[in-house]
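Residue numbers (the working numbering), protein chains in the order written: chain A, 1 to 145; chain B, 1 to 143.
A hint or two may mislead.
Partner residues are not named here, just some residues of chain B that face chain A (Cβ under 7 Å, in silico) [to be verified]:
(1) Gly10
(2) Glu75
(3) Ala128
Some chain B residues near chain A, calculated using beta-carbon distances under 8 Å [as the list claims (entries may be wrong)]:
(4) Trp9
(5) Met32
(6) Leu57
(7) Pro64
(8) Val74
(9) Leu134
No lab work stands behind these hints, which were simulated from the structure alone. Where is the CB? At the ideal position from N, CA and C, for every residue including glycine.
Residues per chain, in single letters:
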Amino acid sequence: MARLFFAFLAGGLFGAGLFVSGMTDTAKVQGWLDVFGAWDPTLAFVMGGAIAPMAIAWRIAARRRSAVLGTPLPPKPSSELDRKLILGSVLFGIGWGLAGLCPGPVIASLGLGNPGIYVFGAAMLIGMMLAPHVRSRLDKTVPAG
Amino acid sequence: MNMQMDWIWGLVGGLLIGSGGAVFLLVNGRIMGASGLIGALVDGTAGRTKSERAAFLAGVALLPILLRPFFSGVESHLTEDMTVLIVAGLLVGLGTRLANGCTSGHGVCGMSRLSIRGFVATACYILAGGASVLLFRHILGVI
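The following block holds chain A by itself, in its conformation from the complex:
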């Protein structure tokens, strides 16, 4: 199955990148957010390094009708700035600062032998399961659009 092989390859590159860049080290992530303490600029290099190949990939994708394996390419991005985007990102940011972990590095840390990651990971999955319920509540309290 080529689809599974390339998904595994892409995940491997992502996991390797998260690990060697230090993004599985919560102190580096919190250090980047800690502008009033010992500020660590590493995360900006990671983000810049990641955006460069992705920007090229999007330009290539724009000239193609479908992905290499024949599956459709993602549609144009929505430009809707709704409450869910803002509120969700703020809640995510608070948790990101508290523990220094975002979803990718949680998966990349699973095999690194730190028991706390399983507690964080389980709570994260519960939060993800709660999201559809919170989302439908938010949708009910504001007019659509």
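Once you've looked at the hints, dock chain B against the given chain A.
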């Protein structure tokens, strides 16, 4: 490791992350967003993409294990405070799924295609993250 080496490894790691995203986009036709790839597996919206998501996540988990023997200096520094772990985990899970993206989806994949949602989400989680460290580390002293 000194700081300049950290920046170089940051850049190298970033290029690997972006290359993974490029492969996933151009070969599989998919956006590399960690929260979405995980989240759809637990909220039942993954449908026929379950195995593709699982294969991706297996790669993410496996490579750090393989690389670890060559990077003895890399540590986790994760807190052992159960309350912080649980509260932070819930916020990250709920928040990223409400916002439909996290650092990889909105940050790397969104901003690189100049998506306005990507820029707004990234600004929100960075500002909130900075405020969170300021409050919980410097004001309340709990992290």
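Structure-inconsistent hints, enumerated in ascending order: Structure breaks no hint.
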